[in-house]
Amino acid sequence: MESHLASNGIVAALFLAAGVTVWMVRRSRLWSSAFVSLWRRRRFALLVTGVYVAVALLDSVAWVGGDSLAVDTVARHEARSVIDRVFGGNQEKSYSAPFAEAEFYGGGDLRYPGRHWLGTDMIGRDIFYLTLKGARVALLIGGLTSLIAIPLALLFGISAGYFGGRIDDVVFFLMTTLASMPGLLLLIALIMVMGKSTLAVCVALAVTGWVGFCRVSRGETLKLRELEFVSAARSLGVSEFQIVMRHILPNLMHLVIITFVLMFSGLVLSEAILSWLGIGVDGSWGQMIDQARNELSRDPIVWWNIAASGTALFGLILAVNFVGDALRDVLDPRTIEDER
Amino acid sequence: MTLMSTCSAARLLGLTSIWALAWVACNNNPYPPTEAGEKVLYSSFREAPRSLDPAVAYDTGAHAITGSVYDTLLEYHYLKRPYELIPGLATDLPTQRPGQAGYTVYGFSLRPGMVYENDPAFSLGMPGRMTREIVSADVAFELCRLADPAVNSPVVEPFSNIQGFQEFGQALTQRREEDLAFSNLPVHEQYAALGGIEGVKSVGDHGLEVSVRSDYPQIQYWFAMPFTSPVPWEAIAFYDGEEGRPRFADHPIASGPYRLQHYDRQSRMVLEANPNWYGAVHPEWAAPGAVYPSQGAPGDLEAGLLAPEWAGKPLPFIDRVEFRREKEAIPYFNKFLQGYYDAAGVIKESFDQVIDEGGLSADMEEMGIRLEKGVEPTIFYIGFNLDDDTVGRPGGERARRLRQAMSLVIDSEEYTRIFTNGRGIPAQSPLPPGLFGYDEAYANPYRSVDLERARELMVEADYPQGIDPNTGKPLTLSFDTYDTSAQGLLQYRFFTDAWRQLGIDVKVEATNYNQFQEKVRNGAYQIFMWGWVADYPDPENFLFLLWSDLARSKSGGPNTANFMNDRFDDLYLSMKSRPNGAEREAEIKEMREILEVERPWIELFHREDYALFQGWLENVKPFGMSFPMTKYRDLDPAERTSLRKDWNRPVVWPIWVGLVLLIALIVPGVMTFMRERQ
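Residue numbers (the numbering used here), protein chains in the order written: chain A, 87 to 426; chain B, 129 to 806.
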């Protein structure tokens, strides 16, 4: 019942983290010049991503009560987010087209004629509202999964690359085993075992998704550990853990950021595929597309549901991919050299 | 060398494809042209039936074959409603006399002189013999097969009302375990060694007496289903699936109006009129099951169902039935529109193209296609688990008011409109139309939408505005389901949204089937949605779903709502064995009143079947049971041929346009080539 408090807490933590990041970026010459260059290259994509994030955050801040008597009793006792309060609560009976004044089939009266900018779905929910709600789910899937997968990949990758020997063998065996299994089947099996929930989907995606980055971080660590400053630290008697934390990890940071951004869009897409198989996350765009699957073969056609969710999904992924590409250019040492 | 051969192969391929294209362009008829003038019914199947064994086959797909191939002792009247039984293989409806205490003996007598279809299996009894007479021992043999646990029949439960039925099955299992020599005998010898089922006796060659518990007169309906068809022991002994012989499940030997002539599970099944059928051999009998009825239900005469060309004429009219495999709905429907199938269901994808405000669209009407709507003997309902503390019996009067309130906000009409394209009629009680005890005038006061009254009831139930006084928060219930599809979730949303209006927060708990089953086993469920399709048209077959002896928590029975009401049970037991009449009607009415107030179910709707028939198909009356009524149908092949020609005029202009475009593409190339050569 207290999930909305946790959600609020996470939003607060995110703001804090964002503040710290901004402060640190401004302090470091390298990072702030990277950001400036990124902004110069992909201003629009950054703004679009920002809008998605803003919507998701607005949907994550929720509280109980404090609004009009117009909504039903259940809603009054539920934690409702800013998005719910502003855009929710305009339910119809069934399909209506965007801006329509009457129902799509049968032409019955609407409760809120002309107010559904993107129409309504089969049971009369406003598509615009549902599309906005999908942003939070998409970011949650992308964010949470990366949060599980990237540390996992770093842990295995660095230990394999830095210590080598047996550890390397074990990690490599694990990676090849996972990589040789059909990803989608493994995903389905994991979700079946863990039950269907947002967390289960995220964990399943993370378990199948960490291998790629693990390989990269292992390779990079292999290279880094032979460099002079690492040898110097080692001969000065710095402990292995200290070396990893002080010299290896910071030098992997740009890879982490690039991977995070690129992985993110892949994850959101994977979820859409899972939804299509009927094991996705409740309220995601993938699920909306799945629900709308049969609508395209209706006659007359109902297009707005799939169009809205598809466009929202497409927009987010395109923007994030642009940002990711730009980030790669900006953070990759070789391209930085070129620019100067 | 290799290059050469590839070239010629490509040329060959190109040539063949051009020829194939030319051939297809001329004609899209999937059937041989020689069939055009024949009375062949074209039908389809999606998946081949798993088994054609009459003791096992229990789905619509299999019944399409077994229902035509196997004849039964009794049958349903083709036209009369409410459904009525007529004699089939039997000379008359069964006689009834009291037997041992609590049992009634049903006496059937088979017509003498009926034979099976020709089959080499009959040489087992006498070398060179191709067929033999149908005797009552064959029916007894089939009943033994139903009881045989090795056959694994899905309908053991209703037949357990036959005296000694279960004991026979147990004795059989026991003997087989103890005695290896016994278990190696052919099954008919095993059955004979045990003396058959105690309550089933054949009297002479043609008499059969079945002793059934007196409170189950519905057994008669089971004698109108292929489960009780006569099966020759030779068929089981011969078709054992060994040494290249097919299994009996794939090779029926029967006596019905049609015989299975061709059976290819991947693509094609063909039925042809059985020359050995008693209707064909002995037209002078004019047996009720072998002639078209001359009387029907009101309205049949006007509908042309009793026209003189058919009334009283010997069956069957159609000589052959072709089933072609169609895996996808849309191509199947398109072939129907081209005239290559004679009947079709209305598929969801093109519903609005076909149906216009409950009737046929103008386009379809013009093609002469007919729409037949029939309410199936079904009920879909939301049930409450009455063992539950909040919504069930322990909650007392409060829970009853809650159930009443929840029932008052579910709009069945809206539900069918949104989710089933309006196919379904709102249910007022468990009994669908066409059944004895259905009352068209009856309107359940708790099954119309009345939000005001529902809110009052919530106050009376001490949940004012849905607030549970114990917690100060809205009442939270769970709706348990195993349907996790996106479409399914929308359906449940529809219900939970309705209940939200009362301030009740119903959470949908969608789990996989195993978890759901476990919840049901443990009684850990509150609200569920379920459907029931009747096996036979008797009110008992619906009301037993609420009989306390069959409660899920008591006996694992189908009464998932765990409804237990003494008065209802008394009425049920008394109604069950009573013949249709005023007394039975009064009892059903009282049961209905109990359900009305107690609300173990929120009755949603009775499903309606929309079927499309081509204009040339005649004598079509929708039949709610899942048996094919092919032998009563007729068709006009000449009209079909001419209409098919009309509907399938080749469209030639795209070929010319394509040709012109192709030339337009090639000419500049050739010109350039010529210029460069110069």
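There could be a bad hint or two in this list.
[Unchecked claim] Short, incomplete list of chain A residues facing chain B, as computed with Cβ under 7 Å:
#1 Asn-176
#2 Ser-245
#3 Glu-381
[Unchecked claim] List time: in silico EDC-like cross-link candidates among lysine to aspartate or glutamate, alpha-carbon distance up to 16 Å:
#4 Lys-601/B to Glu-164/A
#5 Lys-749/B to Asp-539/B
#6 Lys-282/A to Glu-430/B
#7 Lys-647/B to Asp-516/B
#8 Lys-635/B to Asp-368/A
#9 Lys-179/A to Glu-430/B
No wet-lab data here; the hints were simulated from the structure. Beta carbons: idealized from backbone N, C-alpha and C, even for Gly.
Hints versus structure:
| no. | hint | verdict |
| --- | --- | --- |
| 1 | Asn-176 | 13 Å, violated |
| 2 | Ser-245 | 37 Å, violated |
| 3 | Glu-381 | 10 Å, violated |
| 4 | Lys-601/B to Glu-164/A | 9 Å, holds |
| 5 | Lys-749/B to Asp-539/B | 30 Å, violated |
| 6 | Lys-282/A to Glu-430/B | 57 Å, violated |
| 7 | Lys-647/B to Asp-516/B | 13 Å, holds |
| 8 | Lys-635/B to Asp-368/A | 13 Å, holds |
| 9 | Lys-179/A to Glu-430/B | 40 Å, violated |
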